[in-house]
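Which chain is which? The protein sequence lines are P and H, in order.
Position 63, counted from 1, in the first sequence is what our numbering calls 63; the numbers after and before it change by one each time, with no gaps.
Position 35, counted from 1, in the second sequence is what our numbering calls 35; the numbers after and before it change by one each time, with no gaps.
In case anyone wonders, no lab produced these hints; they're calculated from the structure.
Here the structure is a predicted model, which is why all the values come from computation and not from measurement.
Careful, some of the hints might be misleading.
Simulated coverage check for chain H against chain P, where a stretch passes if three residues somewhere in it have a Cβ under 8 Å from a Cβ of chain P [said to hold, decoys possible]: (1) 71-77; (2) 84-94; (3) 141-154.
Cβ coordinates follow ideal geometry from the N, Cα and C atoms, glycine included.
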Amino acid sequence: MIIAPEAVEPPPRTALATAPAGPARPPVPLVLAAGIAAAAAAIPLVYLVVRAAGGGIETMLDILARPRVLEYAANSVGLAAAVTVTALVLGTATAVVLSRLRVPFPRTWLLVSSLPLAVPSYLAGYGWLVTLPAINGFLPSWILLTAVTVPYVTLPVAAALRGASGDLEGVARTLGRGPLRAFFVATWPQVRPAAIAGSLLVALYSLSDFGLVAMMRFPTLTWGINQAYSASFDRAQAAVLALLLVVLALLVVVGERGARGQLPRQAARAVAPRSVRRGVLVALLPVVAAAPVVGVAVPMLGLLSRLLEAQTLRELDLARLLAAVGATVGVAVGAALLAVLLALPVAALASRYRGRLVTVLESVSYLGHALPGIVVGLSLVFFALAVVPTLYQSVVVLVFAYAVLFAPKAISTMRAGLGDVPPRLVAVARTLGDSPIRAWWRVTVPMALPSVGIGALLVAIATMKELPATLLLRPTGVSTLATELWNRTVIVEYGAAAPYAAMLVLLAAVPAVVLSGVRTVAKEEL
Amino acid sequence: MSDLVIDGVSVTHGSTLAVDDVSLRIDRGDLVAVLGPSGCGKTTLLLAIAGLLPIGAGSIRIGSRELSRPGRTVPPEKRGIGWVPQEASLFPHLTVGDNIGFAVPRGRGAASSRERRIAELAELVGLGGLTGRAPNQLSGGQGQRVSLARALAPRPELLLLDEPFAALDTQLRVGLRREVAELLRAQGTTSLLVTHDQEEALTLADKVAVLREGRLEQFGTPAEIYQHPASDWVASFVGDVVELEGRWRGGRVMCALGAVEASAVGFAPADGDPVRLMLRPEWIMPRPELLAHAAAGADARVTAISYAGHDAMVSCEVVGGPSVRMRMATVELPAVGDEVRLAVQRPGLAFPPATPWGDTAD
Numbered sequence: 001m002i003i004a005p006e007a008v009e010p011p012p013r014t015a016l017a018t019a020p021a022g023p024a025r026p027p028v029p030l031v032l033a034a035g036i037a038a039a040a041a042a043i044p045l046v047y048l049v050v051r052a053a054g055g056g057i058e059t060m061l062d063i064l065a066r067p068r069v070l071e072y073a074a075n076s077v078g079l080a081a082a083v084t085v086t087a088l089v090l091g092t093a094t095a096v097v098l099s100r101l102r103v104p105f106p107r108t109w110l111l112v113s114s115l116p117l118a119v120p121s122y123l124a125g126y127g128w129l130v131t132l133p134a135i136n137g138f139l140p141s142w143i144l145l146t147a148v149t150v151p152y153v154t155l156p157v158a159a160a161l162r163g164a165s166g167d168l169e170g171v172a173r174t175l176g177r178g179p180l181r182a183f184f185v186a187t188w189p190q191v192r193p194a195a196i197a198g199s200l201l202v203a204l205y206s207l208s209d210f211g212l213v214a215m216m217r218f219p220t221l222t223w224g225i226n227q228a229y230s231a232s233f234d235r236a237q238a239a240v241l242a243l244l245l246v247v248l249a250l251l252v253v254v255g256e257r258g259a260r261g262q263l264p265r266q267a268a269r270a271v272a273p274r275s276v277r278r279g280v281l282v283a284l285l286p287v288v289a290a291a292p293v294v295g296v297a298v299p300m301l302g303l304l305s306r307l308l309e310a311q312t313l314r315e316l317d318l319a320r321l322l323a324a325v326g327a328t329v330g331v332a333v334g335a336a337l338l339a340v341l342l343a344l345p346v347a348a349l350a351s352r353y354r355g356r357l358v359t360v361l362e363s364v365s366y367l368g369h370a371l372p373g374i375v376v377g378l379s380l381v382f383f384a385l386a387v388v389p390t391l392y393q394s395v396v397v398l399v400f401a402y403a404v405l406f407a408p409k410a411i412s413t414m415r416a417g418l419g420d421v422p423p424r425l426v427a428v429a430r431t432l433g434d435s436p437i438r439a440w441w442r443v444t445v446p447m448a449l450p451s452v453g454i455g456a457l458l459v460a461i462a463t464m465k466e467l468p469a470t471l472l473l474r475p476t477g478v479s480t481l482a483t484e485l486w487n488r489t490v491i492v493e494y495g496a497a498a499p500y501a502a503m504l505v506l507l508a509a510v511p512a513v514v515l516s517g518v519r520t521v522a523k524e525e526l
Numbered sequence: 001m002s003d004l005v006i007d008g009v010s011v012t013h014g015s016t017l018a019v020d021d022v023s024l025r026i027d028r029g030d031l032v033a034v035l036g037p038s039g040c041g042k043t044t045l046l047l048a049i050a051g052l053l054p055i056g057a058g059s060i061r062i063g064s065r066e067l068s069r070p071g072r073t074v075p076p077e078k079r080g081i082g083w084v085p086q087e088a089s090l091f092p093h094l095t096v097g098d099n100i101g102f103a104v105p106r107g108r109g110a111a112s113s114r115e116r117r118i119a120e121l122a123e124l125v126g127l128g129g130l131t132g133r134a135p136n137q138l139s140g141g142q143g144q145r146v147s148l149a150r151a152l153a154p155r156p157e158l159l160l161l162d163e164p165f166a167a168l169d170t171q172l173r174v175g176l177r178r179e180v181a182e183l184l185r186a187q188g189t190t191s192l193l194v195t196h197d198q199e200e201a202l203t204l205a206d207k208v209a210v211l212r213e214g215r216l217e218q219f220g221t222p223a224e225i226y227q228h229p230a231s232d233w234v235a236s237f238v239g240d241v242v243e244l245e246g247r248w249r250g251g252r253v254m255c256a257l258g259a260v261e262a263s264a265v266g267f268a269p270a271d272g273d274p275v276r277l278m279l280r281p282e283w284i285m286p287r288p289e290l291l292a293h294a295a296a297g298a299d300a301r302v303t304a305i306s307y308a309g310h311d312a313m314v315s316c317e318v319v320g321g322p323s324v325r326m327r328m329a330t331v332e333l334p335a336v337g338d339e340v341r342l343a344v345q346r347p348g349l350a351f352p353p354a355t356p357w358g359d360t361a362d
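Bound conformation, chain H alone:
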């Protein structure tokens, strides 16, 4: 296929503007996650791409083929776009095999090519022997696999996945989504995955589009989104943050952790201006030997440890200052009450200070 181009698309839903002037370009073969809190318009965007909702402004194209513009929507059956909705949505009156083969034409005479395709897809999603079953005899994970196979059957140019793992329990979810991502990559299928789970988006996707209240906040690789968020909202939405008040001085922020190297996001502070420093908890380490070449550091005392197995969140009170949290592997954990020397091991992000009302400036 060619690239999917979403150009200045707005979708009005009832009286609310659910998707507001969103532009995205999705390269062939990529898996792109659309990430946002519930109600941000991500599902509406997906339905518009599928042709299930008309758009109010802009255009949706695949290569040179225009699919949607205001007043003209190519119907879903003529788009060649697959859709895996939430909660599997299998046809309850058809068997698993007939669900998978829904879009595979029944050939005259020899039904064998259809049967072969169904068997092949069932095998692909790991449900080889189950094509004769009724949908209500499947578990949640199996239902999602059938839904995926059904959408892949007509070899769509683009596959839309709408929170397909949301209803599954944690262990199943983690396993299945990794498997699905590998499968999609192996098939070379261009896919758009809607999710509200930042971990899912960051681990699976080649690129992540962060949506908030219908507007595109940022579009980039997972590392860009996490390390270089375009706004303080994106920063705190995609991961934990440690916030410190400080003053700007020549590319550094003077704060309780010393002079921390930082880049200003979205504004240009002058020396002496108050700024808000944002760090990721894992950027802070209790490593005195690092202090020599680390950006900054301070003495602190451990006040609490929140243990999560593979890692732990350690809360520390900086001497004479605020408390900060750091994330560290649970191999050499300090104990509560220990004195530690904290080092900041990568440059932080500087944002404008919070307004007196506590709102961040959008």
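Next comes chain P alone, as it looks inside the complex:
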């Protein structure tokens, strides 16, 4: 999952900050390259609209009025609302405990509370089904989705709490407010934008999720889309459902960007953590440990126990496992390269230039952030069949889908990396005799290179974990770890699925955790 671009900041005021930024008009080749990237990102949505509207308004309304469709929509919205509210409360509580109380090993706890992000929802679902095969429906979907998405709230709220001015709270206390009221009067307003932006990411994740709800047989829109396309071959219904899902997701993303725009950015003296009695800490342990235990520990234990069973090891088809690893790594590398290629001009443009055109190009390039994987998969199936039939069911379309879905991760990382290169250093290079291009090559590029690498890695990790688009677009005979795990789980072969799940953890989840230790990576990106 990714963060939306920061709302366009007002231009900095001081002469030093703006002066060496170069010409106000972006160079034409850069705009053209960014335009190509934006056009690529727009293909799935545009083609979905074309396809869904192709049947005519009446057909659309007819499909929307079907009782099953209404049920899917109600389930999607209800699940997303329940998960969002629960994650907001639990994440905020966790953040407050970790940043306001003196807990032993605070950094470790913060890392632990971010772990669920590394676990794809369907992997958590698999880990639970191994132990409790009977669970299904709304309740487990709600609990598990909450567990894996809570960090979207915990991490930004903890960061906002660290940045929030404690002086205000102290003032409120001296004016007669109790600790709790002082927190809500003085600190909550500073934290609220982060909490809301985080919760809306949770809502987007819940709406987009396919793997977990499908494993729990809870019929939401994503499940309905897959059902309509794969099972009943009702492509008109699939398209209309996808469009409905996209509308809901875009509403959430618009709200999220609005909330993020209000994030305060000032340095302030934070509140020092308070010491409390050991008993209080023990009583609060369930709050902090709930998500890591439900989302990570139990599934991993379930996976491990099944993996080490004698039968699993006996029936291990090593060649097939290695083929899946090869396919997974192959598409991940391809997707990372293509995503970086598409992201680079957009990031370069957005980090240095402003204006309506830049904003539009950047926003369109971010579309993949809002589009659920199953929607992109479905739309590209339609697109490939209608426009480039020779590429239908080829790796090219699959890699393109990943690039569209995950290029926003590369854009935001690289945009930050390029933007962090102080304009003053480029100006120094200019006064030392470098032309603009030479200064870019000698100063900007080497300094921003790590962010390009991290962006590529984020895309690769996300690609390895991707399930719904892969299911729709993978060429016959090509299986990734995620699809192998999926195919075995749906036929209740939990033991046979275990090696694939374990490899997925090793290849995707572990690098994600390692990467989260890199200071410049926004944890929400994983």
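Got chain P; can you put chain H on it based on the hints?
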């Protein structure tokens, strides 16, 4: 090089006029300080000279070569003007040596001439053995030295220094700025130093340009700026002042300290007109033996002493009048309560009286 000529330059920044019709002529080899409070446009002026900002009016030339005029800005890399920004701004991905050698071309085959130049510059700024280090292994003072060496490497015609010592602690600052000034003089480099620190400007520069709200208030030698400020604002900006109300009479100001000889600045008072007399605290001395040939004097009592080590600020209440402050060496300090005879040992400055609203007439 030839002289740098800044002719009627205005720079608009956003919607504000940051530099307003400034003209300066900087002679070859001089070290000129641009002094002003923060936000006065001095950094903007520097960026315009470096070619990092376009100008809205006027022109910037070196000799007969035009560098900037409205609509045409020679790019920074074609100007031959070095820039030492605030906070060193070293390239973090390059070593100290490669920072210094950034503008020294890599020769084909023998890299030795480049290496020699880097070593020579590192030696010049006193960082001989550190060329292999990364910038984050340097202290603040060392970082500024590297920044200076890097700017000097391509032998610029003009060096711009933007508050290069502001981020350093006091002791380091005083030592480093003296060293840098000596180095620049020894190299014969024409330099423009931006600072908000009047002591820095007065001690280092051959000439000082005082800037206020984008306009040039005064351009002259440090002594001219301090002893003969062009306005009461410059007078109080570049140093401490003692102000006394009085009346003008034939080249003197009649005030609590007697008839003090003074020159009127910026206006021509008639006898009997009210004026404001400005003195520097060190122009007043408790030296009765001077009174005979001093300009003026009065009896006073010491009310407070603010001790600063090398000198002290002594506050006195003139008998039947206002209180004045004098600065004196701490060798023979009076005590609080002592009666002293004050003498004014040089002519003061007369300005128009303050307006009833308390504003000075600009």
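Results of checking the hints against the structure:
1. Closer than 8 Å: that is the beta-carbon criterion, and the stretch 71-77 of chain H has 3 residues meeting it against chain P, so the requirement of 3 holds.
2. Counting residues of the stretch 84-94 of chain H whose beta-carbon sits less than 8 Å from any beta-carbon of chain P gives 6, enough to reach three: the coverage restraint holds.
3. Given a C-beta distance limit of less than 8 Å, the hint that chain P covers the stretch 141-154 of chain H holds, as 4 residues qualify and 3 suffice.
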